[in-house]
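J.: Below, each chain spelled out in residue letters.
There are 2 protein chains.
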Amino acid sequence: WLLISPDGVDQLEKVYPFQDFNQALDFANAVGELAQGANHHPAILVEWGKATITWWTHTIHGLHRNDFVMAAKTDYLHGK
Amino acid sequence: WLLISPDGVDQLEKVYPFQDFNQALDFANAVGELAQGANHHPAILVEWGKATITWWTHTIHGLHRNDFVMAAKTDYLHGK
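Protein sequence lines, in the order shown, are assigned to chains A and B.
Numbering-wise, the first sequence is residues 1052 to 1131 according to the working numbering.
Numbering-wise, the second sequence is residues 1052 to 1131 according to the working numbering.
Do not rely on the hints blindly, as some may be mistaken.
[Claimed, not checked] Straight line, CA to CA, 20 Å or less: simulated SDA-like cross-link-like pairs of lysine to any residue:
{"#": "1", "chain 1": "A", "residue 1": "K1065", "chain 2": "B", "residue 2": "E1098"}
{"#": "2", "chain 1": "A", "residue 1": "K1101", "chain 2": "B", "residue 2": "L1085"}
{"#": "3", "chain 1": "B", "residue 1": "K1065", "chain 2": "A", "residue 2": "E1098"}
{"#": "4", "chain 1": "B", "residue 1": "K1124", "chain 2": "A", "residue 2": "W1099"}
{"#": "5", "chain 1": "B", "residue 1": "K1101", "chain 2": "A", "residue 2": "T1110"}
{"#": "6", "chain 1": "B", "residue 1": "K1065", "chain 2": "A", "residue 2": "T1103"}
{"#": "7", "chain 1": "A", "residue 1": "K1101", "chain 2": "B", "residue 2": "T1103"}
{"#": "8", "chain 1": "A", "residue 1": "K1124", "chain 2": "B", "residue 2": "W1099"}
{"#": "9", "chain 1": "B", "residue 1": "K1101", "chain 2": "A", "residue 2": "D1077"}
{"#": "10", "chain 1": "A", "residue 1": "K1065", "chain 2": "B", "residue 2": "A1094"}
{"#": "11", "chain 1": "A", "residue 1": "K1065", "chain 2": "B", "residue 2": "W1099"}
{"#": "12", "chain 1": "B", "residue 1": "K1101", "chain 2": "A", "residue 2": "L1085"}
{"#": "13", "chain 1": "B", "residue 1": "K1101", "chain 2": "A", "residue 2": "E1084"}
{"#": "14", "chain 1": "A", "residue 1": "K1101", "chain 2": "B", "residue 2": "H1112"}
{"#": "15", "chain 1": "B", "residue 1": "K1101", "chain 2": "A", "residue 2": "T1103"}
{"#": "16", "chain 1": "B", "residue 1": "K1065", "chain 2": "B", "residue 2": "H1129"}
{"#": "17", "chain 1": "B", "residue 1": "K1124", "chain 2": "A", "residue 2": "P1057"}
{"#": "18", "chain 1": "A", "residue 1": "K1101", "chain 2": "B", "residue 2": "K1124"}
{"#": "19", "chain 1": "A", "residue 1": "K1101", "chain 2": "B", "residue 2": "A1081"}
{"#": "20", "chain 1": "B", "residue 1": "K1101", "chain 2": "A", "residue 2": "A1089"}
{"#": "21", "chain 1": "A", "residue 1": "K1101", "chain 2": "B", "residue 2": "T1110"}
{"#": "22", "chain 1": "B", "residue 1": "K1101", "chain 2": "A", "residue 2": "H1109"}
{"#": "23", "chain 1": "B", "residue 1": "K1101", "chain 2": "A", "residue 2": "E1064"}
{"#": "24", "chain 1": "B", "residue 1": "K1065", "chain 2": "A", "residue 2": "A1094"}
{"#": "25", "chain 1": "A", "residue 1": "K1065", "chain 2": "B", "residue 2": "T1103"}
{"#": "26", "chain 1": "A", "residue 1": "K1101", "chain 2": "B", "residue 2": "P1057"}
{"#": "27", "chain 1": "A", "residue 1": "K1101", "chain 2": "B", "residue 2": "H1129"}
{"#": "28", "chain 1": "B", "residue 1": "K1101", "chain 2": "A", "residue 2": "A1081"}
{"#": "29", "chain 1": "B", "residue 1": "K1124", "chain 2": "A", "residue 2": "E1098"}
{"#": "30", "chain 1": "A", "residue 1": "K1101", "chain 2": "B", "residue 2": "T1108"}
{"#": "31", "chain 1": "B", "residue 1": "K1101", "chain 2": "A", "residue 2": "A1094"}
{"#": "32", "chain 1": "A", "residue 1": "K1124", "chain 2": "B", "residue 2": "N1073"}
{"#": "33", "chain 1": "A", "residue 1": "K1101", "chain 2": "B", "residue 2": "E1084"}
{"#": "34", "chain 1": "B", "residue 1": "K1101", "chain 2": "A", "residue 2": "N1080"}
{"#": "35", "chain 1": "A", "residue 1": "K1101", "chain 2": "B", "residue 2": "E1064"}
{"#": "36", "chain 1": "A", "residue 1": "K1101", "chain 2": "B", "residue 2": "Q1087"}
{"#": "37", "chain 1": "A", "residue 1": "K1101", "chain 2": "B", "residue 2": "H1109"}
{"#": "38", "chain 1": "B", "residue 1": "K1101", "chain 2": "A", "residue 2": "P1057"}
{"#": "39", "chain 1": "A", "residue 1": "K1101", "chain 2": "B", "residue 2": "H1091"}
Calculated directly from the structure, the hints in this document are not laboratory data.
Note that the coordinates shown come from a computational prediction; the quantities given were computed from them, not determined experimentally.
Hey, can you work out the whole structure from these sequences and the hints?
T.: Following this line, the structure appears as structure tokens:
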């Protein structure tokens, strides 16, 4: 995961490569389900061959412990 | 639709507001199906309450007539 700070807001970002658009979209849906269960939602950018997941906590304009947990769960989901 | 030119690449971009994350993700899936049928794929950014759709043609690093057609079809899909 990369620590980025657009407009001073710390965020965790990772690009997951896939073979095509639909595989990236499938992963977006799996992450969406994970997010729904945790009631904590990332930004998900789907493009041909990759999905970019970005976690941060809107209310504190930065990173909370929970974002690191969600990042780890995203990796786990990707590994399944 | 907004005409943007990140790194000199002309693109059509539009932000569609939704009531929550799942509605935005549902729209992403509908646009993904449209894209699959046309074999032309946008960038789709899903966030809580909005989906941002960006169309351009990678091979020409800019806009082709087809991108405008896809933009219109995206609007139609949203209106349904």
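J.: Now, for every hint given, state plainly whether the structure supports it.
T.: Structure-based check of all given hints:
{"no.": "1", "hint": "A:K1065 to B:E1098", "verdict": "holds, 15 Å"}
{"no.": "2", "hint": "A:K1101 to B:L1085", "verdict": "holds, 18 Å"}
{"no.": "3", "hint": "B:K1065 to A:E1098", "verdict": "holds, 15 Å"}
{"no.": "4", "hint": "B:K1124 to A:W1099", "verdict": "holds, 19 Å"}
{"no.": "5", "hint": "B:K1101 to A:T1110", "verdict": "holds, 17 Å"}
{"no.": "6", "hint": "B:K1065 to A:T1103", "verdict": "holds, 19 Å"}
{"no.": "7", "hint": "A:K1101 to B:T1103", "verdict": "holds, 16 Å"}
{"no.": "8", "hint": "A:K1124 to B:W1099", "verdict": "holds, 19 Å"}
{"no.": "9", "hint": "B:K1101 to A:D1077", "verdict": "holds, 19 Å"}
{"no.": "10", "hint": "A:K1065 to B:A1094", "verdict": "holds, 16 Å"}
{"no.": "11", "hint": "A:K1065 to B:W1099", "verdict": "holds, 18 Å"}
{"no.": "12", "hint": "B:K1101 to A:L1085", "verdict": "holds, 18 Å"}
{"no.": "13", "hint": "B:K1101 to A:E1084", "verdict": "holds, 17 Å"}
{"no.": "14", "hint": "A:K1101 to B:H1112", "verdict": "holds, 18 Å"}
{"no.": "15", "hint": "B:K1101 to A:T1103", "verdict": "holds, 16 Å"}
{"no.": "16", "hint": "B:K1065 to B:H1129", "verdict": "holds, 12 Å"}
{"no.": "17", "hint": "B:K1124 to A:P1057", "verdict": "violated, 32 Å"}
{"no.": "18", "hint": "A:K1101 to B:K1124", "verdict": "violated, 23 Å"}
{"no.": "19", "hint": "A:K1101 to B:A1081", "verdict": "holds, 18 Å"}
{"no.": "20", "hint": "B:K1101 to A:A1089", "verdict": "holds, 19 Å"}
{"no.": "21", "hint": "A:K1101 to B:T1110", "verdict": "holds, 17 Å"}
{"no.": "22", "hint": "B:K1101 to A:H1109", "verdict": "holds, 14 Å"}
{"no.": "23", "hint": "B:K1101 to A:E1064", "verdict": "holds, 19 Å"}
{"no.": "24", "hint": "B:K1065 to A:A1094", "verdict": "holds, 16 Å"}
{"no.": "25", "hint": "A:K1065 to B:T1103", "verdict": "holds, 19 Å"}
{"no.": "26", "hint": "A:K1101 to B:P1057", "verdict": "holds, 19 Å"}
{"no.": "27", "hint": "A:K1101 to B:H1129", "verdict": "violated, 24 Å"}
{"no.": "28", "hint": "B:K1101 to A:A1081", "verdict": "holds, 18 Å"}
{"no.": "29", "hint": "B:K1124 to A:E1098", "verdict": "holds, 18 Å"}
{"no.": "30", "hint": "A:K1101 to B:T1108", "verdict": "holds, 17 Å"}
{"no.": "31", "hint": "B:K1101 to A:A1094", "verdict": "holds, 10 Å"}
{"no.": "32", "hint": "A:K1124 to B:N1073", "verdict": "holds, 19 Å"}
{"no.": "33", "hint": "A:K1101 to B:E1084", "verdict": "holds, 17 Å"}
{"no.": "34", "hint": "B:K1101 to A:N1080", "verdict": "holds, 15 Å"}
{"no.": "35", "hint": "A:K1101 to B:E1064", "verdict": "holds, 19 Å"}
{"no.": "36", "hint": "A:K1101 to B:Q1087", "verdict": "holds, 15 Å"}
{"no.": "37", "hint": "A:K1101 to B:H1109", "verdict": "holds, 14 Å"}
{"no.": "38", "hint": "B:K1101 to A:P1057", "verdict": "holds, 19 Å"}
{"no.": "39", "hint": "A:K1101 to B:H1091", "verdict": "holds, 15 Å"}
In this structure, the earlier hints numbered 17, 18 and 27 are contradicted, and the remaining ones agree with it.
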